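Colleague: Top line first, the protein sequences correspond to chains A and B. Anchor point for the first sequence: position 122 equals 122 in my numbering, and the numbering is continuous, going up by one each time. Anchor point for the second sequence: position 669 equals 669 in my numbering, and the numbering is continuous, going up by one each time.
Any given hint could be a false lead.
Said to hold, decoys possible - Derived contacts from chain A toward chain B, CB cut-off under 10 Å, selection only:
id	residue
1	Thr81
2	Leu104
3	Arg123
What the hints contain is simulated information worked out from the structure, not anything from laboratory work. Being a predicted model, the structure only gives us computed values, none of them experimental. Every residue, glycine too, gets a C-beta built ideally from N, C-alpha and C.
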Amino acid sequence: MAEAVATRIPVKMTVNGTEYAAEVEPRLLLVHFLRDNLGLTGTHIGCDTSQCGACVVYLNGESIKSCTVLAVQADGGEVMTIEGLAKDGEYDPVQQGFWEMHGLQCGYCTPGMIMSTHSLLKRNPNPSETEIRHALEGNLCRCTGYQNIVKAVQYAAEQMSGGSAPTS
Amino acid sequence: MVASAPEKLVGKPIKRREDPRLITGAGVFIDDVRLPGLAHMAVLRSPYAHARIVSINADAARAMPGVLGVFTGEDIKHINPLPCAWQAPGVENKVNTPRLLALDEVHQVGDPVAVVVTESPYQAKDALAAIEVDYEELPAVVGARKATTPGAPQLHENAPSNIVFRWSCGQDADQVDAALAASEVQVRERIGNQQLIPTAIEPRGSIGRYDPGTGEYTLWATSQAPHVHRLLTAAFVLGVPEQKIRVIAPDVGGGFGSKIYLYFDMPLVLWLSEQLGGRPVKFFEDRSENFLHTSHGRGHDSDVAIGATKDGKITALRVDTFANLGGYLSTIAPGTPSTLYGRMVAGCYKIPNIHVGITGVYTNTAMVDAYRGAGRTEASYMIERVVDLVANATGVDPAEVRRLNFVQPEDFPFDNGLGGLPYDSGDYEKALNRALEMVGYEDLRREQAERRENGDRKMLGIGLSSFVEACGLGPSQYMGREGWAAGLWESANVRIHLTGKVVVTTGSLPHGQGHETTFSQLVADELGVPFEDIQVKHSDTQGTPFGYGSYGSRSLAVGGTAIYKSVAKVREKAMQLAAHLLEAAPEDIVYENGGAYVKGSPESGKTIQELAGAAHVGYDLPAGMEPTLEATTFYDPPSFTFPFGTHICVVEVDRDTGDTEVKRYVAVDDVGNVVNPLIVDGQLHGGITQGLGQALYEGVVYAEKGEMLTGSLNDYAIVRASMAPMFELENTVTPTSVNPLGARGVGEAGAIASTPAVANAVIDAVSHLGIRNMDMPLTPERVWRSMAANT
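Let the sequences and hints guide you as you build the complete structure.
Modeller: Below, the structure written as structure tokens:
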């Protein structure tokens, strides 16, 4: 055990457009790398079984739970976290949707919820209510009852598609 | 010059000012607090529910890389156990509270036995694995009723039969028994209310830092009550002078009650920091630890005897409840099943003969304390099941049984006979009628009959829940009588700076409720200043007057009223100053639209910003007036407030699989006056969903020897997006006269109303098969088994 702790492996990755290099323990989780090494604390940890989704980020364009990926697995990769979503001081439509529709209360699940929503709308720009609820099954919220999260996603879908109403 | 009327904000769905930081990842939760030299604490926990600690060997752990120290219960046995600050009133409570680390014996799986402090969190987990503990396993008991039976394993020497207290309210049991025996219709049932895990998505955590220079301690903690945590840590646990401790709650990621209590880690990280010469020490539990050891809720097992007339009038009710309190008493555990449950069992009904008896019990589970709706959730579930059992036994429609027994508008203030505070006001039938109309009750009953006639596989169920709850806690005098070991008022300070900007400090604090927005709306309207000019400060004991914190839906009703009264004082002083500056009589001054002026002459008036400037520089003040515009209020409410309403749930239950689908959910709530409807609806959505979770999905399961079988989010089912319906909400508005805002409170109403609505719907769907009660959660398996046993 003591030997394993002493072993360090170099990793390089681009996070929110900035390149980082570090030497890490092979067991270091990506979420801890982002939070503790890079100080990007917007990505949260809410469970230890990959259920809650508070830690969702993009890795190479795919949304992943960063508590289930080792930092070394992200070597050479491109990561985007909640901190990288707003562009030029403008909120992403998903962020705007959560604000407009009161899609958050305590805000702890929110970064993961927003990242998962963002990923959903990339795959399916005009999801039905059922599709939204299904797509967010891996993100747990204890405050909102999800109703306003669904509305937030619909708001964002509408904004991103230039105003056409989403189907229900 | 005083400007024309600014837009009123109270009552408007203002977007929350908290959200920009939270949607960008810029919020600072406990795990995000960064301090130089931060050391990490991890906890070795008991794998046994009941055992004697024979020996602990930490030598190997102490020698591991990064280990700064290992500490056991023996090392800190001079530190007091945690206090229990609310005991069941008027009876003896056999108090056993947890030590920071177990000494000699453990009483639940997850009991902290030792801690390691290391340079990094990963090193801490490694070091834990190297500690050897020799346990002698002792017999354990799970189930409150079982724990009181002869021969059951005993947890604590001072509590024979594991009984913490026996407490009752209402009439004498004998008198109620006689009324029951004389009733035309008699029903007996055993009604459960399963143990739940609050499951805030942010687990609990704490950081302690000791300053060797000043002898001061700072505690950052996931806290719903920082001042209370300071008081308890200082005066009851560590014996440190209260003024030497500062407690800060950063952004808190949900609480639902579970962050009210004082936990072992909060004093411990302060003590550890002192041992390490001032290095800050952090503890952040993982989800498994949260499930095992952060206080749970509910956990009742009750015998019920109901008497009624043939036409559905309730004549007598006797409820005898075993309440599980876990292996030790959590901070306010005994008060929930007594004051908050026992005294509310009558719900919104007039019941001429009623007796409620509670037995608080130790068992080898996690501690059980108040969880969203605390006590009132269990009471509303009990009484709303009782009403449906009466409907079932008499054949009278459940809506009609409710109407027949409701407290009527002319009955207020109403004493329900259980020794609590009188209900202030309400119109229960109006809310019921509106909910029935919204849902299309008669059509649904017709459809239900048709489906039954046709033998449809999808059986329709309609569940009603009419509720009243008690919230907005204090008043202090009453709570003191009820065994609460402190006051229960709230504080607020309102200060207008020289620049005209407003700082509000409050003893209330948010963990998702949006206090900064709601309170700013209130102050903006009352003072006539722009929303943007107001800063609401909270969650830090430094520089704020003592406050009791947020729980029991008290933030607006009590904390908001304290703010309202402070604003009124500031306004009054501003008017006196205006009278002086305008050379007018004080009685001729009016305050309106953000300024004070002589009646009829707003154009020559002074804005509040001008007055604030004048008050601050103090060049020209009336004789005897102190500089600045600032006021503090400690508001002690005269009574509880009593929100009420009716919720109706419509479900389809699959006859072949027992699976339930929620088709519709209609809620009519009366929370009094509403400051921000967006936030109020959000509170209802979330509360209803948690209650729905209890009815259908959630429940802690312990094996016979006390191991938790639902120890992760894989096994403990909180509601996911696909499991929740769209809610149809409406309000009736009956302002309470208890506080000047007319606000009743909304934080818990949804959770209090929804569990019985959903459970009643599922049971209604299968009632024609001869089923009149089932235990929650109403999982497909449980419903299927119940159907199988009845056909």
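Colleague: Now tell me if each hint is right for this structure.
Modeller: Consistency of the hints with the structure:
| no. | hint | in the structure |
| --- | --- | --- |
| 1 | Thr81 | holds, 7 Å |
| 2 | Leu104 | holds, 6 Å |
| 3 | Arg123 | violated, 16 Å |
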